[in-house]
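J.: The residues making up each chain are set out below.
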Amino acid sequence: MLWNTLLLALRSIRRNLLRSFLTILGVVIGVAAVITMVTLGNGATKAVSDQIASLGSNLLMVRPGQRFGPGSEDAAKFKAADAEAVRVQIAAIQAVAPVSNKNVTLVYQARNWSTMVTGSNNDYFLAGNWHLAAGRTFTEAEERAGKAVCVLGATVREKLFAGQNPVGSQIRVKQFACEVIGLLQSKGQSAMGSDQDDAVIMPLRTVQRRLTGSQDVGMLMVSVREGVSIDAAKEQLTLLLRERRKIAENEEDDFRVMDTRQIAETFTSTTRILTTLLGAVAAVSLLVGGIGIMNIMLVSVTERTREIGIRLAIGALEREVLMQFLIEAVVLSSLGGVIGIALAAAASMSLSGLMQVPYLFDPFINLASFLFSAAIGVIFGYFPARRAAQLDPIEALRHE
Amino acid sequence: MSQAAPAGPDDGALIRLNGITKTYGRGTAAFAALRGVDMRIDEGEFVAIMGPSGSGKSTVMNLLGCLDTPSGGSYQFRGVHVERLDRNQRALLRRHFLGFVFQGFNLLARTSALENVELPLLYRGEPASRRHAAAAQALASVGLTGWEHHSPAELSGGQQQRVAIARAIVTAPSVLLADEPTGNLDSKTSHEIMELIAALNRERGIAVLMVTHEPEMAGYAGRVIRFVDGRVASDQRNAPGPADGEDG
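Residue numbers (the working numbering), protein chains in the order written: chain A, 1 to 400; chain B, 401 to 648.
Rather than coming from a laboratory, the hints here were simulated on the basis of the structure.
Glycine included, each C-beta is placed from N, C-alpha and C at the ideal position.
Any given hint might turn out to be false.
Said to hold, decoys possible - Derived DEER-like restraints, expressed as beta-carbon distance ranges:
{"#": "1", "chain 1": "B", "residue 1": "Glu-614", "chain 2": "A", "residue 2": "Phe-383", "range": "39 to 47 Å"}
{"#": "2", "chain 1": "B", "residue 1": "Ala-533", "chain 2": "A", "residue 2": "Asn-295", "range": "35 to 43 Å"}
{"#": "3", "chain 1": "B", "residue 1": "Ala-553", "chain 2": "A", "residue 2": "Leu-6", "range": "20 to 28 Å"}
{"#": "4", "chain 1": "A", "residue 1": "Leu-18", "chain 2": "B", "residue 2": "Asn-418", "range": "51 to 59 Å"}
{"#": "5", "chain 1": "B", "residue 1": "Arg-510", "chain 2": "A", "residue 2": "Pro-358", "range": "42 to 50 Å"}
{"#": "6", "chain 1": "A", "residue 1": "Phe-361", "chain 2": "B", "residue 2": "Ala-553", "range": "24 to 32 Å"}
{"#": "7", "chain 1": "B", "residue 1": "Thr-469", "chain 2": "A", "residue 2": "Ile-379", "range": "45 to 53 Å"}
{"#": "8", "chain 1": "B", "residue 1": "Gly-436", "chain 2": "A", "residue 2": "Leu-6", "range": "46 to 54 Å"}
{"#": "9", "chain 1": "A", "residue 1": "Pro-358", "chain 2": "B", "residue 2": "Asn-488", "range": "53 to 61 Å"}
{"#": "10", "chain 1": "A", "residue 1": "Leu-7", "chain 2": "B", "residue 2": "Ala-553", "range": "55 to 63 Å"}
Let the sequences and hints guide you as you build the complete structure.
T.: Okay, structure coming up:
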């Protein structure tokens with residue numbers, strides 16, 4: 001009985017191939033959109049968390065204020081002395097890099113390039129997992145005296161030196177000349193889409209004196225020794241900084257210590273929200289596709305009134321006509337689901353290549369979209385099907 | 401023959417109508433299409449129902465075909481009170497005992513002749529192999545061997561009506577209900593169709609109830625019932641007609 005009804009449904013879909021295709025187009029697009037959005041979102045999330053995880057699990061970032069990211073909170077900035085104190089007083093900590101940034105334009109001969117200069121110390125290369133391609137890092141004297149020396153990232157070298165060895169050359173940074181002493185190995189694009197190689201690193205004091213004109217340090221990058229518990233290190237760090245910043249016992253921290261896992265979570269929660277939003281928008285189109293099915297099924301019932309009359313006259317039960325139309329709707333919408341899944345696989349594979357995020361097949365969203373499309377067939381097919389089943393055979397046969 | 405003299409109640413009559421009335425609408429707008437119809441039809445009879453339009457002949461066909469229910473009176477089909485059956489029970493009765501042929505053929509468009517004929521078997525739940533065989537055989541018996549895979553649009557009117565007849569008889573029904581089966585056909589084709597129907601009646605013992613307004617076609621029937629104003633005006637038996645006797 002069910003098999004026969006399925007057969008009937010397939011026959012009638014085959015008889016109206018073009019209309020059937022147009023009917024399911026909405027569901028096809030809806031399913032494809034939902035799956036593609038979610039798949040790409042998952043890929044982006046994965047890319048971000050991979051990127052941050054590659055920084056190493058022993059990295060801590062300390063920023064003033066409670067919010068992550070550039071904030072306008074009035075919490076006091078750190079000083080170079082804070083970094084020094086952390087390194088000296090906490091045994092669990094291997095390296096501390098105070099970081100201060102400034103956007104400037106670099107000039108070499110006829111070429112110039114705008115970028116962000118990072119002021120720090122040699123610990124920055126350790127904490128940030130940077131390796132030298134050529135030259136050297138800073139000497140202690142250079143750091144202490146704030147000498148005009150810098151280490152360039154691969155992009156900056158490309159822009160200013162067009163692939164030539166920059167080590168030993170002088171570039172102009174604002175009013176002063178700066179000697180290039182080292183070149184960093186390329187890291188490529190970050191998960192957030194920024195170019196990590198677009199970097200210039202100078203001693204902290206150089207940046208403070210000659211570029212920012214202040215003693216402030218925007219952030220501390222702290223590397224915890226191998227084999228030491230991150231949580232223990234975080235706790236010691238927090239205690240020390242509270243003490244140095246004179247925070248009373250009943251007051252909240254006015255800075256934030258984050259490990260890479262937390263940083264990853266901060267970023268991935270953002271991408272996840274975006275994924276959910278995009279997925280929801282796509283789901284609306286799936287719903288619209290369902291309404292499209294109902295619309296066409298209603299038209300189809302009217303158009304096939306005579307056919308329904310014939311079926312009823314030769315002895316089809318109300319239930320059988322209902323099932324025929326319902327199954328027709330479900331078969332149509334599931335077919336739309338299957339085509340949508342195939343389309344989504346093709347789209348997300350090519351788009352993930354284009355967006356440089358990994359392609360992650362998510363069985364859950366594929367299955368859920370398929371089931372949802374089938375459910376759409378049931379929900380939006382029921383009303384037209386019932387209308388067909390309840391037709392009066394005499395009236396239906398007389399219908400032109 | 402089954403046109404033998406009537407006997408007592410429940411003597412194996414195929415159809416028995418007693419005081420059937422049918423009223424459409426309500427109140428002052430009410431229209432009585434049937435005003436008390438009594439009728440008895442035996443197994444294997446060939447009955448033509450005639451009458452001017454509005455006389456109630458279509459209404460009585462719908463009732464006989466179990467497509468509609470009477471407003472009053474009783475309709476017994478082989479002793480079963482049809483007026484007491486619900487919609488689904490009447491559908492089952494149609495499925496197992498009745499075959500329909502319409503003036504407008506009423507075949508499914510874009511569907512092959514074979515699939516059209518298979519349709520009633522599909523609702524009976526017959527397996528595919530038996531469906532194909534039975535449908536092919538029914539098409540052969542109406543002279544359409546070789547046309548199985550043509551769609552209605554590719555067939556002439558006469559051929560379409562033959563497919564419709566094949567669809568009606570594929571289930572071996574007890575009664576064939578034909579509503580002006582030749583109304584859309586030319587004279588020559590009409591006679592061919594009538595000869596086919598008469599042969600099915602004669603050779604398979606299928607009772608035929610046919611509405612027609614052409615006396616020529618009514619001539620094929622063994623009995624002619626005339627309706628006027630919702631009542632049976634006359635009920636006559638035909639002498640064996642010339643067309644009925646000569647061809648076969």
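J.: Look at each hint and say if it fits the structure.
T.: So, going through the hints one by one against the coordinates:
no. : hint                              : in the structure
1   : B/Glu-614 x A/Phe-383: 39 to 47 Å : holds (44 Å)
2   : B/Ala-533 x A/Asn-295: 35 to 43 Å : holds (41 Å)
3   : B/Ala-553 x A/Leu-6: 20 to 28 Å   : holds (26 Å)
4   : A/Leu-18 x B/Asn-418: 51 to 59 Å  : holds (53 Å)
5   : B/Arg-510 x A/Pro-358: 42 to 50 Å : holds (48 Å)
6   : A/Phe-361 x B/Ala-553: 24 to 32 Å : violated (47 Å)
7   : B/Thr-469 x A/Ile-379: 45 to 53 Å : violated (34 Å)
8   : B/Gly-436 x A/Leu-6: 46 to 54 Å   : holds (48 Å)
9   : A/Pro-358 x B/Asn-488: 53 to 61 Å : holds (57 Å)
10  : A/Leu-7 x B/Ala-553: 55 to 63 Å   : violated (22 Å)
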